[in-house]
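Full structure from sequences and hints, please.
Number of protein chains: 4
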Amino acid sequence: MANLGFGLIGTGFMGRTHAIALQSVATVFAGVAAPRLVSVADHNADDAAAAGRDLRFERSTGDWRELLEDSAIDVIDICAPNYLHYPMSLAALKAGKHVYCEKPLALTVAEAAELAALARESGTVHAVGLNYTTNPLVQTAREIIASGEIGDAVSFTGRYFEDYMASTEVPFTWRCDRSLAGSGALADLGSHLVNMLHFLLGRPKRLCGDCRTVIPKRRVTATGEERAVENEDIASALVELDSGLPATLEISRVASGYKCGLQFEVFGTLGSIAFDQERMNELRLYDAGQRTARAGFKTILAGPTHPDYGNFCPAPGHGLGINDLKVIEVRNLVRAIERNEPFQPDFEEGLRVQQVMAAIEDSSATKAWVELPDETTGASQ
Amino acid sequence: MANLGFGLIGTGFMGRTHAIALQSVATVFAGVAAPRLVSVADHNADDAAAAGRDLRFERSTGDWRELLEDSAIDVIDICAPNYLHYPMSLAALKAGKHVYCEKPLALTVAEAAELAALARESGTVHAVGLNYTTNPLVQTAREIIASGEIGDAVSFTGRYFEDYMASTEVPFTWRCDRSLAGSGALADLGSHLVNMLHFLLGRPKRLCGDCRTVIPKRRVTATGEERAVENEDIASALVELDSGLPATLEISRVASGYKCGLQFEVFGTLGSIAFDQERMNELRLYDAGQRTARAGFKTILAGPTHPDYGNFCPAPGHGLGINDLKVIEVRNLVRAIERNEPFQPDFEEGLRVQQVMAAIEDSSATKAWVELPDETTGASQ
Amino acid sequence: MANLGFGLIGTGFMGRTHAIALQSVATVFAGVAAPRLVSVADHNADDAAAAGRDLRFERSTGDWRELLEDSAIDVIDICAPNYLHYPMSLAALKAGKHVYCEKPLALTVAEAAELAALARESGTVHAVGLNYTTNPLVQTAREIIASGEIGDAVSFTGRYFEDYMASTEVPFTWRCDRSLAGSGALADLGSHLVNMLHFLLGRPKRLCGDCRTVIPKRRVTATGEERAVENEDIASALVELDSGLPATLEISRVASGYKCGLQFEVFGTLGSIAFDQERMNELRLYDAGQRTARAGFKTILAGPTHPDYGNFCPAPGHGLGINDLKVIEVRNLVRAIERNEPFQPDFEEGLRVQQVMAAIEDSSATKAWVELPDETTGASQ
Amino acid sequence: MANLGFGLIGTGFMGRTHAIALQSVATVFAGVAAPRLVSVADHNADDAAAAGRDLRFERSTGDWRELLEDSAIDVIDICAPNYLHYPMSLAALKAGKHVYCEKPLALTVAEAAELAALARESGTVHAVGLNYTTNPLVQTAREIIASGEIGDAVSFTGRYFEDYMASTEVPFTWRCDRSLAGSGALADLGSHLVNMLHFLLGRPKRLCGDCRTVIPKRRVTATGEERAVENEDIASALVELDSGLPATLEISRVASGYKCGLQFEVFGTLGSIAFDQERMNELRLYDAGQRTARAGFKTILAGPTHPDYGNFCPAPGHGLGINDLKVIEVRNLVRAIERNEPFQPDFEEGLRVQQVMAAIEDSSATKAWVELPDETTGASQ
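Residue numbers (my numbering), protein chains in the order written: chain A, 5 to 385; chain B, 5 to 385; chain C, 5 to 385; chain D, 5 to 385.
In case anyone wonders, no lab produced these hints; they're calculated from the structure.
Be aware that one or more of the hints could be misleading.
Since the list gives no way to pick one copy over another, a pair counts as held whenever it fits inside one copy or between any two copies.
In silico lysine-lysine, BS3-like type, Cα no more than 27 Å apart, as pairs [said to hold, decoys possible]:
id : residue 1 : residue 2
1  : Lys209    : Lys221
2  : Lys371    : Lys209
3  : Lys221    : Lys371
4  : Lys221    : Lys98
Written out as structure tokens, the structure reads:
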């Protein structure tokens, strides 16, 4: 297979993370053809040039649209700010490129739906960078649930807590501006949690949500004036899944003390599993079939018997990091393109996540339970 | 102060726990007059006699109503099954006795309201055995919140998970029968969690609840036939407190692996606290004012600088047990009677807890947010 | 069986802890005859009288020797300062009483040997209050090792870390004075750890020890002058057990942050166990026979399937406290007397512990490995 | 600065890990010139060729000596089996190359001393791959100790537990053969722990060691026959540091349940720190200056305020992995070469580590305390 050419848009941190993953994926995963880092775009041509050097791309440009016309580029890799995900993905799909877009896919359901529809018809591979599910232990959690090891699932509880907005001193930024960020904690954190729920147990059928902006005003650094925050600090939901099971979701960007608190527990009739991203190399498993006097949650350390771990390290318990999850994601992308198979999570999943986020906001506004739309788009999942 | 005479109804485990606490309270807490263990009642007179011997009461009876007329008895201590809490408390109040009733206070709001109204007029001390809040570290948590150490509270999240009904093999018992148990996980576990929320942050104003019976039928041991479970395995709620703050509650009796998983977290603008009853001698505290490179959750071990701990042990980190919490509860009761002060949690609180439990069930049934009744009963809290 | 009469010497905290245990043991353990709290002695007669009232003894005295002649007293219960353990135990044995002495049994091996020899001939029950081994989970740990569940043991590592002397501001007290305390961290903490090692795996055959006084001088509060500390802050040892297995011991009273850090791990060819007294309701167990991808340490919560727990509480995970361990110890004592059986740990064990402590000090002084004396005293263990 | 050319010897796992680090270092650390992956050697030319392709080196060879004469190669990177570290390092130094050798530096003190002496005179950069100290939180631990944040250090306790040889079913491999592996647990694990001790608190002055082979025979897979294991499963030591402080070391390759259990605690007069490599993104810190009722160990999550973390990820708590530590190590190496500065840990440190390992073995053999050699080699550390 020929080496795929990547064109990266965005030279901020996600851009750098993608570049690291592109550079190491072929060494980590034997048999993967090394991606070509063809060109990097930034709206500032000088920044683009500097990034091109630092991140070791072949060339750079101040105009991302040039990447669309570059025949050496197979994949448009979008690490620009949230509000640009939609127009860039749209343009990339129309240009017939494969698209690898950071989350969230879009700011609204309408945008996401348009992208998903176009992607469905495009024949190209489309990917959303919701990478927590690539964790070897999260993959293992899905295996455990699917195989019946913990019996029939009876409920799910999930949280994503961080504290980057917990202080009243945190200023008003683009994250507080609906036109630039879309929703607040839901877009930043909730999108990952909803994707995780889908990955493990499937989709919500209906839900009741509650969104709160508990720090209603923040100071604009430039002007020193206070401005009303336009999206939620906290979002919670009671959920009924398609399977009929109950689930709860709690998302907060004002959860003091949490830095990456994506946590979930799945309860079954024969056991349960628990995961916490802040200890991403541990999976807790309870097997109800144990002799009572010896029963307890096990703490399983990630190791080479879990999917993909062994490509990074042959020894258990030595630990992967967050950037390693991106390498797995890139491997999945390259493989999907090579095999002409759908990537997961794709734009359909991006749309489904957006639908759940919107439903939580709608429900909160109307103080009523909300039904999720039927799945109408076939293909993937 | 004269030694208070106790008449205990119920010789099962809670009865024994109460007897242990009554026997040790005066030694643990200097200055507390040792309670007299006057009489113990059980509907079976032989069981009562045996318990009288084992638990070292002065006398016993097969008829609990005899305790009401016993002039040596100041306090009626009710450890009978849930459905008897209401008639026994009613009779005790009418007899002019102090009442110490295990939780839940009643099976319905109507029963609880009648008891609370009567108690309010009685001039006696009335107590509900919701003992988790007597934990020195839970008292400390309340101090931390009230003092502003973690700034202004912004949200609460609480769970009470146990797994005593997680297996489909667990038979149909009185706990599944609404006429004997009232609600399910809500009555057993939720009552504690709601009381905890009240204790730390105050009352709900409105809520949206969701109750689920995920194992709908269980086998009746005697007949071998399956019978429909009449109350919920899981109850969850989105809550808005009187203060306007958001809270979430999750309660489950089918949470495989959890044995006493009463957990809460309170988030504030300057920090947060977290507690887990399975590690009842630890309180986790995050102080957002720390230098970032040294910031982290602290694990505080219970010690003599926390309320009441030093009466059990002068050394920190040595650990209290669940039965010690009952000793503190009994000390609180004896002191309230001595000082003619209200006890907390009293029958008003028993009613408030029942109102929240009922609201969760109502909301689940109507699929709508429910308002909590105004506080109309003054006096306590 | 008649109710045993107890005479308590010492009204400080250990005295109170014993009194609590004496009062509740018969209620916790059905079938145990309630001890009589006959008399309490303190060298100050007023203190004795006050304690008699608070702790509810029948009488009190300013002269502990009166207890020896009191025919209502079966058991002399010694909670006086360390340097009095020897003369009081000696007198009690000579008076033909059962003896229940707090740890350490004596200040020197010679004293302990004299007591053990006398005890052996006495025909009475003799007990040393080394209570950590009564923990239901520690009993379970011993079962696991003895049954071969973790295969053949290959090594032991144990620590007892506390921080009550960690600050240089802690003044010189009796604990720093060899004539009053004997050794330092070894006597306070090491005695428990050595007893734990004996309990789980047996006796040392030889060892190499290292004792250090890392804060060599402390201020005498009364005079404001500095005085040289006369015993060790830290003691460590490499040990070879009678079985040939290697063990390590680390003991410190200057381990900042630890409040009751008695920890051990036992490794076997098929698994391992780990315990930490600061989480005394948890036992960690690793079973090497698990499928690798599901292998991990289990955290077992104490529950009614573990020895003695169910007498305190029928529900798992609800938690015992340090004082509950003393109740089990008292039950063991009463039962040993009733059945005329040896108690464990008895004065022989008190001697063996003292021998190990002395060997660590000797080895440290001579910078050489030291052999432990042969077991010469038969009977117990 | 020109891009440094690397010649890698060894295509096993460490070789791959090095290749990944070489490929990503320049992207992770802006300003670092990307290394050239010039040539890879393996004794099997076909393996070398395959590795050359997979790991993306410019060329490959079946003869590692060719690398020494390759003018495009600046650094000889040695990832061959332990017994080859010495001859390869020797040859590389003699060829005037910079040397980057995996641990342990050699099999004996004599070999290590020869290498250190030659390195000292070479004028090139020499590095040993003891990478655990590059962890941002371990660097932070050193800062905390050095700055006096925990007061004056009073003791160190360190362990490195793994279980790769815990089962009696693990066959006899090269690791059990002294001529190929040198010592056992000491070489594999102890070298890291000793380096950690040096890094944090300095060198041992004298020590008493105890080495044990608890599974004395293992089966040779090829022949089915048992063969005597030639090195230790467990090594422990009591240590006195140059500073006079006591330290203990415990190393085991038969510690069932541990996968990467490199743990240390440093106690000071004002606090303490604790680290566990299995939770490599957490540092536990106790500050004795806290108000007692709020005192407890903090769990600090790694973040961008800790050294080097921010180059991998701008968000705290997201987690680095073991391979990221190798990237930091390679950055340190490239920087040392660019600046013509010593690298730490260098061959001097490799020698010092070897001296401690040998002293533990000598002490164990002679059952006596052993003095460490004076530092005679100046230059580094």
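Please work out whether the CA atoms of Lys221 and Lys98 approach to 27 Å or closer within one copy, between two copies, in both situations, or in neither?
neither (40 Å within a copy, 55 Å between copies)
Which holds for Lys209 with Lys221 at a C-alpha limit of 27 Å: within a copy, between copies, both or neither?
between (34 Å within a copy, 24 Å between copies)
Is it within a copy, between copies, both, or neither that the alpha carbon of Lys371 lies no farther than 27 Å from that of Lys209?
both (17 Å within a copy, 14 Å between copies)
From the Cα coordinates, with 27 Å as the cut-off, is the pair Lys221 and Lys371 best called within, between, both, or neither?
Classified as within: same-chain Cα gap 23 Å, cross-chain 33 Å, threshold 27 Å.
In terms of the numbered hints stated before, the structure departs from hint 4 and from no other.
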